[in-house]
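Protein chains in written order, with this note's numbering: chain A, 13 to 114; chain B, 381 to 551; chain C, 139 to 514; chain D, 10 to 457.
Honestly, the hints are just simulated from the structure, not real lab data. Note that CB positions come from ideal geometry on N, CA and C, so glycine has one too. Check each hint, because a few of them may be wrong.
Across the chosen pairs, the derived CB separations fall in these ranges [said to hold, decoys possible]:
hint	chain 1	residue 1	chain 2	residue 2	range
1	D	438	B	478	57 to 63 angstroms
2	D	247	C	414	46 to 52 angstroms
3	B	386	D	84	37 to 43 angstroms
4	D	246	C	207	41 to 47 angstroms
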Amino acid sequence: MMPVGHYLFLSFALFIIGAIGVVTRRNVIVVLMSIELILNAVNINLVAFSRMFGDVHVHGQVFALFIIADAAAEAAVGLGIIIAFFRNRETVLADEMDLLKW
Amino acid sequence: MLDSIIFYFFAGVAILSAALMVTRRNAIHSAVFLITTLLATAGIFLQLRAEFLFIAQIILYVGGIMVLFVFVIMLVRLDVPLHHITFRFQKWVALFVAVALACEVSVMFWYVRQLPSAGLLTPPAPADKLPPNSEQFAKVLFGDYLLPFEIASILLLVAMIGAVVMAKKRT
Amino acid sequence: MHDETTQKQNTLLGADELVINMGPQHPSTHGVLRVKLKLDGERVIGSECVIGYLHRGVEKIAEHRTYQQFAPYVDRMDYVAAVSNGLGYCETVEKLLSVEAPPRARVIRTILTELQRIASHLLWLGTHALDIGALTPLFYCMREREEILKIFEKYCGARLTTHAFRIGGLQYESYDTFEKDVERFCKDFERRIQEYVDLLTGNSIWIGRTRNVGILSTEDCIALGASGPILRASGLAWDTRKATPYAAYDQYKFEIPVGTKGDTYDRYMVRMEEMRQSRLICLQAIENIPAGPILGKVGKVLKPPPGEVYHSIEAPKGILGYYIVSDGTTQPYRVRIRPPSFINLQAFDKLARGHLVADVVAIIGTLDIVLGEVDR
Amino acid sequence: MSPALHAIISFLETWWVQLVSGVLIVAVVPLIAGYVVLVERKLMADMQARLGPMRVGPHGLLQPIADAVKLLIKEDIIPDSADKVIFWLAPVVSMTAALVSMGAIAFGPWFQVAKDINIGILFVLGVSSLGLFGIVLGGWASNSHYSLIGALRSTAQLVSYETAAGLAIISGLLLAGTLQIRSIVDAQQHYGVWFIFLAPVAFFIYLVASIAETNRAPFDLPEAESELVAGYMTEYSGFRWALYFLGEYANMIVVAAVATTLFLGGWLRPFPNVRWLNWLDVLPALFTAAVGAYCGYRAGKQPVRVQTLFMWAVAALCFLAALILAATLFVPPLQAAKPGLLGAFWFLLKVSGYLYVFMWLRFTLPRYRFDQLMHLGWYLLIPLAIVNVFFVAVAMMLETEFGWNRWLALIITSVFTLLAAAFLMHLHDKRTAAASAAASETSDSYAG
Chain A
13 MMPVGHYLFL
23 SFALFIIGAI
33 GVVTRRNVIV
43 VLMSIELILN
53 AVNINLVAFS
63 RMFGDVHVHG
73 QVFALFIIAD
83 AAAEAAVGLG
93 IIIAFFRNRE
103 TVLADEMDLL
113 KW
Chain B
381 MLDSIIFYFF
391 AGVAILSAAL
401 MVTRRNAIHS
411 AVFLITTLLA
421 TAGIFLQLRA
431 EFLFIAQIIL
441 YVGGIMVLFV
451 FVIMLVRLDV
461 PLHHITFRFQ
471 KWVALFVAVA
481 LACEVSVMFW
491 YVRQLPSAGL
501 LTPPAPADKL
511 PPNSEQFAKV
521 LFGDYLLPFE
531 IASILLLVAM
541 IGAVVMAKKR
551 T
Chain C
139 MHDETTQKQN
149 TLLGADELVI
159 NMGPQHPSTH
169 GVLRVKLKLD
179 GERVIGSECV
189 IGYLHRGVEK
199 IAEHRTYQQF
209 APYVDRMDYV
219 AAVSNGLGYC
229 ETVEKLLSVE
239 APPRARVIRT
249 ILTELQRIAS
259 HLLWLGTHAL
269 DIGALTPLFY
279 CMREREEILK
289 IFEKYCGARL
299 TTHAFRIGGL
309 QYESYDTFEK
319 DVERFCKDFE
329 RRIQEYVDLL
339 TGNSIWIGRT
349 RNVGILSTED
359 CIALGASGPI
369 LRASGLAWDT
379 RKATPYAAYD
389 QYKFEIPVGT
399 KGDTYDRYMV
409 RMEEMRQSRL
419 ICLQAIENIP
429 AGPILGKVGK
439 VLKPPPGEVY
449 HSIEAPKGIL
459 GYYIVSDGTT
469 QPYRVRIRPP
479 SFINLQAFDK
489 LARGHLVADV
499 VAIIGTLDIV
509 LGEVDR
Chain D
10 MSPALHAIIS
20 FLETWWVQLV
30 SGVLIVAVVP
40 LIAGYVVLVE
50 RKLMADMQAR
60 LGPMRVGPHG
70 LLQPIADAVK
80 LLIKEDIIPD
90 SADKVIFWLA
100 PVVSMTAALV
110 SMGAIAFGPW
120 FQVAKDINIG
130 ILFVLGVSSL
140 GLFGIVLGGW
150 ASNSHYSLIG
160 ALRSTAQLVS
170 YETAAGLAII
180 SGLLLAGTLQ
190 IRSIVDAQQH
200 YGVWFIFLAP
210 VAFFIYLVAS
220 IAETNRAPFD
230 LPEAESELVA
240 GYMTEYSGFR
250 WALYFLGEYA
260 NMIVVAAVAT
270 TLFLGGWLRP
280 FPNVRWLNWL
290 DVLPALFTAA
300 VGAYCGYRAG
310 KQPVRVQTLF
320 MWAVAALCFL
330 AALILAATLF
340 VPPLQAAKPG
350 LLGAFWFLLK
360 VSGYLYVFMW
370 LRFTLPRYRF
380 DQLMHLGWYL
390 LIPLAIVNVF
400 FVAVAMMLET
410 EFGWNRWLAL
420 IITSVFTLLA
430 AAFLMHLHDK
440 RTAAASAAAS
450 ETSDSYAG
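For reference, chain A alone in the conformation it holds in the complex (with noise of 0.2 angstroms):
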């Protein structure tokens, strides 16, 4: 069977290229993507735990969902402030955000 440390080390790669994305990105939906790609490698590792356990351990499954139900939410709300802002400045690229206030 397949060692959890594949798992562990799949999650941290994609949370790496997570990381990555999110510091060099300058489009705000391209960032916002990759912290959905973080979220997603938590989630392996989650249920990758989950299963360590047994199988008819489902709580890290439960918690997988729960994130999932994070991510729908920070994009929904992230995605609104992005149209909002893009309606009064007419760019999604994050060094041109440069007011706090507009």
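Given the structure of chain A, go ahead and fit chains B, C and D onto it with the hints provided.
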């Protein structure tokens, strides 16, 4: 055997498309690669016998959230000049972040190796012997985690209202 | 009007608005109309009709043809109502020559023109319904239109560009079973029209798509010069057939249907009722077709006295006017045609603003334009 | 024998049925979809007082094949400014999603690719909803305004109506108590009636929502011909276009199969537990025999000899099928095949009936406008579906917790649901009237 082939296949697809996602210049391409990653992750959930989560990932993540992303990308229709796509000096920050995180995690891996039994997954029973995953899931979700479930639904409600307020046309 | 800044805030995202080219090749611009639509999301915030893709210089051609030679050209303007075009032209030239068509010719002209009105409205109904997404009425309408075209074919040999009339009357005597054919069609048509009513009139989707879409008030109609069913749907009972009767219309009883709100649904109802009224006119006319000659006293070579004349008829799409200036030669000095479609099309921008893309096709449909006539 | 080879062989031993049926689906569904198109055209012609395709084969029976060949050899056009990769990918996504979701559907008790998947119906829903990406990406990649508007429309439409469809399905699932497709059908056998009689409102919500989900008239706004030329497919031609088309029809079959499974009793015959209706088992054989007889009758009237022969061949096939169906009833050694074949017959019959309703509506109704479509979805269907889920749950609770008679509970809650539906309809009518009045005011204000 089959299990590990499936795992490595999906893991490879996930990592590859995740890497492509952060490097593509076009936001739609990024979204497509993120979808691929999410689908590959769903495959890994299936390989872990988390069937309900597999379909939840597809319906909610891919069919819901990503549609929203693609929709917004198409709505804002921006044509960013290609050389403007990343911060110039940010590459070094990124490298630093990656290296720092890698160090941290390698320490973690080191400790994992020290653990007895090395965290092996228990071998799965044949699929038809397993209790249905969705029923298990529901029992735990609506039993042990009823309160968090309600809180999550309130969170979603708040997010929904927030998104509507944010995106509404100001008149 | 709006200046640049206010317009920007009106769009969904404050970003540049979407400009869509509808046509000249588009399934529902009824030929080669091209509409440049400025969209905010799907809402129309501005429109511009680009016409001229079918321009053939009909008015200029007239200056180099004799009066008889030009008659077939007018068939090619509103090519789905060629008989009406011909009637208008022939009557105008007759007015210029001060001759009158004999009574028999006038009655037959009336019958054919009313049949043509039904045919034109049928084509409008079918394509309008198709634009709004109802597939089936088109084929039913074509079925009935086919009957009318068969009558035309039997009468003069042509179905579309009929050139049915001659200056001074008719060239052809009506064929043997003419009355019977027309009567059979009219009897049958009552039942057929009920089929369209069943399919569309009460349908809630149809009402939703047409009610309150493209409202044009009577004042706007008059200001824009819109005529025909569009004017009547806005509530003004103006019909050239009643106002200044021509052909044999003064002999028959018929109603002028009017609408109340002037929206697309009213225009639909008005045209449907006009078809019924045309049917009644045909039925009245075939009861009593006077005997006698079919061609008045006109010479082989037409040399109208110098002068000018204007005459208009109620074509299916609105008021069709001809203004002819004669310099005493065999060829007109100038022919100016007032095509109803061209003038009605001016209302497009007013109708379309603020509506959705889907309504634009409904509005093009309800204006009932024929590009051959718009561009001439 | 090397271990790898051994593993492959043992893999094939366990999975060959699935593999073969999978290949079968991929190979056969396009053909079936082609013939669904032919049937649709024939039905449309019949309702519109004309004949429809008559040239290729007798009564146009070979038309789908001719169409396929034509589309295959057409020039493959990719617009210059299109995003080539995504343009290429989009129709494939659309088609694949529809075909994969078919894997979990049980076409009769025997024919199912993924047999023991315990999230059955959710799998079908989830995977078929991925087809949306085919549409959206195709619309975006074409780099045309019509395509983009079509794509935006379809995103909004599909997301909205999937919600309604999902909620409607939940009512059915509450009654069945399981997600597994077989168990759903078994539950209907256990109840003795199809779920359409227990949750009629849910069925109608699903019917409407599934039409919208498959982009069929009167909800075909993403590809509204008279408005957007062809919507997201405007720039597609040749085989890519054919893939979209096949995907759409395969999707229709999928939603019809879901509705059949969940609400129309799957492969059960009408009233599965009523003994004295057992003679209905003869119906499939009689039906196919009747079709065969009609083909034979028409064969004599074909103008060309080849066509006569072809019709005879079709008739012979029908008779053969009838013979097999009859044999399973009366020849003891073959009776083992009876549930499978009869089940498949009933299932396909119900799917066809459902598709017939799709087509019938398409030929009859005009198209909704976008705002009306959204109003219908969000103000009528989704609230109604929520109310319906609630009342079905109440009925289940009354039965299990308070010991009510099941039928009484279901009838009372159905009445309540219908009342709620009437109320919502009333509100909906009032709101649309107000909305259209407001719309006319806006257009007036623009005039100045």
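Results for each hint:
1. D:438 - B:478: 57 to 63 angstroms: Taking Cβ atoms as reference, residue 438 (chain D) and residue 478 (chain B) lie about 59 angstroms apart, which means the hint holds.
2. D:247 - C:414: 46 to 52 angstroms: With a Cβ separation near 48 angstroms, residue 247 (chain D) and residue 414 (chain C) satisfy 46 to 52 angstroms, so the hint holds.
3. B:386 - D:84: 37 to 43 angstroms: 40 angstroms, holds
4. D:246 - C:207: 41 to 47 angstroms: Given about 45 angstroms between the Cβ atoms, the range holds.
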